[in-house]
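Protein chains: 2
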Amino acid sequence: MAENKKLVSEITPMDEDFAQWYTDIVKKAELIEYTSVKGCMVIRPYAYAIWENIQRILDGMFKATGHENVCMPMFIPESLLQKEKDHVEGFAPEVAWVTMGGSEKLEDRLCVRPTSETLFCEHYANIVHSYRDLPKLYNQWVSVVRWEKTTRPFLRSREFLWQEGHTIHATAEEAIEETERMLNVYAQFCEEALAMPVVKGRKTDSDKFAGAEATYAIEALMHDGKALQAGTSHYFGDGFAKAFDILYTNKENKQVYPHQTSWGVTTRLIGAIIMTHGDDSGLVLPPAVAPIQVVIVPAAQHKPGVLEKCSEVKDILSKQFRVKLDDSDNSAGWKFSEYEMKGVPVRVELGPRDIEAGQCVVVTRHNREKTFVKLDEIETVIAEKLREVHDGLYNKALENREKRTYACKSIDEINKALAENGDGFVKAMWCGDEACEDKVKELTGVGSRCIPFEQDNISDTCVCCGKPAKQMVYWGKAY
Amino acid sequence: MAENKKLVSEITPMDEDFAQWYTDIVKKAELIEYTSVKGCMVIRPYAYAIWENIQRILDGMFKATGHENVCMPMFIPESLLQKEKDHVEGFAPEVAWVTMGGSEKLEDRLCVRPTSETLFCEHYANIVHSYRDLPKLYNQWVSVVRWEKTTRPFLRSREFLWQEGHTIHATAEEAIEETERMLNVYAQFCEEALAMPVVKGRKTDSDKFAGAEATYAIEALMHDGKALQAGTSHYFGDGFAKAFDILYTNKENKQVYPHQTSWGVTTRLIGAIIMTHGDDSGLVLPPAVAPIQVVIVPAAQHKPGVLEKCSEVKDILSKQFRVKLDDSDNSAGWKFSEYEMKGVPVRVELGPRDIEAGQCVVVTRHNREKTFVKLDEIETVIAEKLREVHDGLYNKALENREKRTYACKSIDEINKALAENGDGFVKAMWCGDEACEDKVKELTGVGSRCIPFEQDNISDTCVCCGKPAKQMVYWGKAY
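Protein chains in written order, with numbering that gives the first Met the number 0: chain A, 0 to 478; chain B, 0 to 478.
Derived from the structure by calculation, the hints contain no laboratory data. Do not take every clue at face value.
Identical copies look the same in the list; a pair holds intra-copy or inter-copy alike.
[Claimed, not checked] EDC-like mimics (lysine to aspartate or glutamate), calculated; alpha carbons at most 16 Å apart, straight line:
hint, residue 1, residue 2
1, 104, 93
2, 415, 173
3, 135, 32
4, 37, 106
5, 82, 206
6, 84, 106
7, 241, 368
8, 323, 67
9, 318, 378
10, 135, 29
11, 135, 16
12, 37, 77
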């Protein structure tokens with residue numbers, strides 16, 4: 000027995016060292032493993048299963064809004080990358096270059112895609128000729144590479160998995176509508192599948208995507224009060240179309256430029272889940288994306304009838320839920336810790352005395368609440384419990400955000416709020432001047448996160464220069 | 000009306016020029032589009048949807064046999080690739096090398112994975128310590144890069160999509176069993192989902208995967224009589240474990256080497272589907288992987304009630320099948336050609352007179368058979384028709400293979416059979432000597448495809464040297 004007990008070691012408490020807590024979790028919940036490729040990681044089965052659930056749900060939402068999946072090459076010739084000036088300036092410094100194929104030196108270096116606007120544009124130039132060819136609503140699920148200097152699992156790595164939607168439309172209006180539609184899809188997904196409240200807004204010009212006319216984003220607040228950009232949606236106008244000579248014949252038989260968008264979310268969402276819901280016992284997973292939604296842990300499993308009953312319950316629950324029965328010879332206590340570390344939303348405990356009483360114990364991960372449940376009501380109760388976990392996680396995250404959102408009218412107020420209450424979102428007015436944006440960051444440490452669609456009028460003047468304010472901005476420290 | 004008619008142009012007849020027929024289909028059925036990255040292609044929505052169906056079915060089969068998905072980095076440091084001697088010799092000549100990250104020159108070049116044995120081995124060395132950690136049954140769905148000189152869409156490209164399974168086991172027996180299990184999974188998938196009969200067998204030593212002890216393969220015969228390797232499964236013994244220092248403590252508390260396998264299929268399967276089932280009107284898709292299983296084409300769709308009835312039928316059929324109703328203003332004739340080109344297995348025609356009679360016309364793509372079907376029996380009949388298409392495709396492919404399989408006792412017989420009947424599988428005995436294998440190819444043009452599990456005793460002597468034969472081999476020209 001002794002040798003089979005792999006101890007779930009302690010993890011660093013989050014209030015002691017949040018960064019170390021995060022690192023402990025990604026290792027001990029077996030989400031990632033480091034490799035000899037600096038800045039790249041193995042996404043282990045448990046984390047990949049979370050990603051598969053994210054993919055499945057989002058892909059369904061994309062298809063329901065009329066999108067089709069495609070797959071572009073992973074390489075972009077340097078000459079193609081250079082066609083759109085802002086875009087190449089934004090990305091060239093952080094790409095990986097393929098210079099040799101076999102033993103042959105390449106004439107035109109190939110970059111490993113950091114994003115695929117240029118490839119989609121080349122393709123659209125080939126296949127879009129008439130207004131009848133529009134819109135094209137394409138998406139791809141691939142990995143991309145950005146040569147980052149400092150990396151952290153899921154949050155910033157040299158290679159990451161993502162989806163990138165790239166669409167092309169007859170008019171600016173349609174393209175803008177698409178940009179907003181996909182931002183809403185992301186927000187809905189984060190709230191309904193990840194139990195993570197988000198702020199929807201527009202990025203300031205200094206924070207736009209390279210080549211975009213406007214970048215929209217959803218911003219979430221992590222447990223430690225730092226902001227995390229969870230998804231972006233870009234409106235390109237006809238800038239890329241002009242750079243790549245994409246022209247179509249409109250209904251009036253004129254050659255005109257179409258309008259484009261792109262939008263993406265990444266494996267970073269797994270980092271967001273960890274930092275939004277996790278606690279000192281490990282991961283806490285929102286039920287919609289949890290690889291295991293219910294774990295059944297037998298008590299005194301060697302006693303006759305216990306494993307049989309557990310199997311029966313598993314079969315019943317498996318019709319609706321993702322269920323694991325752990326009948327290994329590890330102790331029940333070890334199993335409790337293990338599945339708490341793995342963040343399984345609901346645990347079912349079932350032993351000889353429970354069986355006699357025709358019941359089991361159901362424990363919800365986020366609040367450790369225990370309920371005795373009649374076995375013949377188990378399906379209904381588990382469905383309720385999973386909803387409870389989802390709602391509990393969402394409300395806790397929302398409370399954390401509200402507690403950590405500070406409306407401030409001056410630089411002093413910002414500094415005071417952060418010093419007294421810790422990191423969080425600062426809501427403060429802005430004149431729209433980039434110099435003020437920079438100065439706020441310099442004086443307080445928080446940068447602009449987004450100009451939210453839902454505006455509050457905190458005051459009439461810019462928090463920095465005192466001139467008339469144009470908008471309220473969410474400011475924060477960002478992952 | 001005129002401008003909306005995109006004409007489905009003629010394609011080259013397959014008997015006139017099979018290679019050109021293939022190229023015409025991949026373009027005109029909108030499967031791929033070329034890019035400025037030589038040897039790489041855009042997999043367009045229709046082809047990608049076929050791949051998604053392949054993925055979904057295979058992934059289900061992998062999970063049902065206990066496998067989990069992971070994701071490794073796309074890069075392999077040169078020093079890691081070099082750890083297994085045969086492996087690096089096999090792959091180094093055809094890999095793409097990343098030598099720069101941003102503006103910084105890399106100390107250790109990174110190759111873009113041509114296959115990921117080395118990465119899985121590094122990972123296994125990190126996570127496998129005890130017999131309790133075994134087996135690990137991992138798979139990943141990714142793309143890989145091989146710097147091929149001549150390329151053809153789906154069949155041979157510099158980047159292709161695939162899955163690669165990598166497993167590690169306590170004993171040789173278990174690993175060999177896994178190798179065979181996955182070959183059987185592939186064969187079952189090809190026959191049941193792709194309607195494509197395959198020969199299961201072992202590769203000769205000269206044709207083994209770089210680093211493998213044994214390579215098993217499934218071989219299919221295309222319409223033109225050329226063979227296509229549709230999937231491979233490799234047994235590695237403990238060779239990689241030794242090269243990568245993977246050791247585990249067995250039940251007797253001794254440090255021993257585990258045994259490994261790998262297995263994969265690629266987007267090449269789409270090429271196999273085209274060349275197995277396609278005809279002079281275009282693609283013909285096996286129902287299990289067809290993105291559209293049933294297309295509904297209205298007749299006289301401007302007449303009152305027609306589109307409504309078509310919609311009704313669509314709603315009924317969509318519960319069970321993947322259905323498209325084409326209510327565009329293209330002519331019915333244009334639509335017939337379009338969906339024949341796209342290989343949609345079943346077409347439903349529905350016009351005012353049909354509606355009056357409470358019926359519709361159902362046409363199966365592979366044999367153009369027309370059936371009048373009562374609308375209230377439509378669900379049952381479509382299910383039957385889809386089975387008919389599957390069986391019809393399978394039987395036709397099997398007939399083609401049987402017609403083109405030649406049992407030969409001498410080099411002369413081989414040359415005669417090929418000259419008289421065209422390319423195909425040659426069944427002939429072999430002494431096991433590599434020199435004879437080479438000589439058969441030199442004298443007849445056909446190389447060894449595999450040593451089939453199902454052996455026939457064509458004669459007692461080697462077809463080449465006349466010495467005692469060890470095995471019967473399938474020989475053929477290969478894609």
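Going through the hints against the structure:
In the homo-oligomer, the alpha carbons of residue 104 and residue 93 lie at most 16 Å apart only across protomers (12 Å), although the nearest pairing inside one protomer, at 21 Å, exceeds that limit. Taking the shortest alpha-carbon separations for residue 415 and residue 173, neither the intra-copy value of 44 Å nor the inter-copy value of 65 Å comes in at or below 16 Å. In this assembly of identical chains, residue 135 and residue 32 lie within 16 Å of each other by CA distance solely across copies; the values are 15 Å between and 38 Å within a copy. In this assembly of identical chains, the alpha carbons of residue 37 and residue 106 lie at most 16 Å apart only when taken from different copies (12 Å versus 27 Å within one copy).
Proximity of residue 82 to residue 206 under the C-alpha cut-off of 16 Å is found in neither arrangement, the shortest distances being 21 Å within a copy and 44 Å between copies. For a Cα distance limit of 16 Å, the shortest separation of residue 84 from residue 106 qualifies neither inside one copy, at 21 Å, nor across copies, at 30 Å. Proximity of residue 241 and residue 368 under a CA criterion of 16 Å is satisfied in neither setting, with 59 Å inside one chain copy and 49 Å between copies. Only between protomers do residue 323 and residue 67 lie at most 16 Å apart by alpha-carbon distance; the minimum there is 14 Å, versus 34 Å within a single protomer.
For the homomeric pair residue 318 and residue 378, the shortest alpha-carbon distance inside one copy (9 Å) is at most 16 Å, but the shortest distance between copies (26 Å) is not. In this assembly of identical chains, residue 135 and residue 29 lie within 16 Å of each other by CA distance solely across copies; the values are 14 Å between and 39 Å within a copy. With identical chains, the CA atoms of residue 135 and residue 16 are never at most 16 Å apart, being 47 Å at best within one copy and 33 Å at best between copies. In this homomeric assembly, residue 37 and residue 77 come within 16 Å of each other (Cα to Cα) only across copies, at 13 Å, whereas the closest approach inside a single copy is 24 Å.
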